[in-house]
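Starting from the given sequences, assemble the full structure and let the hints guide the process.
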Amino acid sequence: MIRPLLAATFAGWFLCGLAEPWPEFRGPRGDGTTPSRHLPVTWSASENVVWETDLPGRGWSSPVIWDRLLWMATALEDGHSLRAIAVDADSG
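Count the sequence shown with this note's numbering and you get residues 215 to 306, in order.
Quick caveat, the hints were computed from the structure, so don't treat them as lab data.
Keep in mind that a hint or two might mislead.
[What the hints assert, rightly or not] Across the chosen pairs, the derived CB separations fall in these ranges:
no.: 1; residue 1: P249; residue 2: D281; range: 15 to 21 Å
no.: 2; residue 1: W280; residue 2: V255; range: 22 to 28 Å
no.: 3; residue 1: L290; residue 2: H252; range: 35 to 41 Å
no.: 4; residue 1: D304; residue 2: R243; range: 23 to 29 Å
no.: 5; residue 1: P254; residue 2: R297; range: 27 to 33 Å
no.: 6; residue 1: D304; residue 2: P249; range: 30 to 36 Å
no.: 7; residue 1: T256; residue 2: S276; range: 16 to 22 Å
no.: 8; residue 1: P235; residue 2: E291; range: 19 to 25 Å
no.: 9; residue 1: R297; residue 2: W265; range: 16 to 22 Å
Using N, Cα and C, we set each Cβ at its ideal position, and we do this for glycine too.
Okay, structure coming up:
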């Protein structure tokens with residue numbers, strides 16, 4: 215199962231004012247930086263979590279955030295199915 219806390223954390227970054235979409239690994243400029251301010255630097259099961267939801271399979275990618283959607287790739291345990299999943303960044 216994809217770690218729901220990870221998905222919620224990325225959504226939290228977006229909801230805290232990410233100035234631009236996060237389209238790929240290491241972000242919009244490919245260097246892992248963002249001009250956004252006041253982003254969380256720590257998190258746990260209860261700290262800096264906006265929402266959490268269970269997702270099928272195992273996560274295999276860096277999440278993409280675009281137009282209030284959080285996109286992730288997942289693969290089922292048997293390896294016969296690879297899927298893209300999008301969840302609402304506001305609610306999961």
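Hint by hint, here is what the structure shows:
1. P249 x D281: 15 to 21 Å: holds (19 Å)
2. W280 x V255: 22 to 28 Å: holds (23 Å)
3. L290 x H252: 35 to 41 Å: Hint holds: Cβ distance 37 Å, inside 35 to 41 Å.
4. D304 x R243: 23 to 29 Å: Hint holds: Cβ distance 25 Å, inside 23 to 29 Å.
5. P254 x R297: 27 to 33 Å: holds (28 Å)
6. D304 x P249: 30 to 36 Å: Given about 22 Å between the Cβ atoms, the range is violated.
7. T256 x S276: 16 to 22 Å: holds (20 Å)
8. P235 x E291: 19 to 25 Å: Hint violated: Cβ distance 31 Å, outside 19 to 25 Å.
9. R297 x W265: 16 to 22 Å: holds (21 Å)
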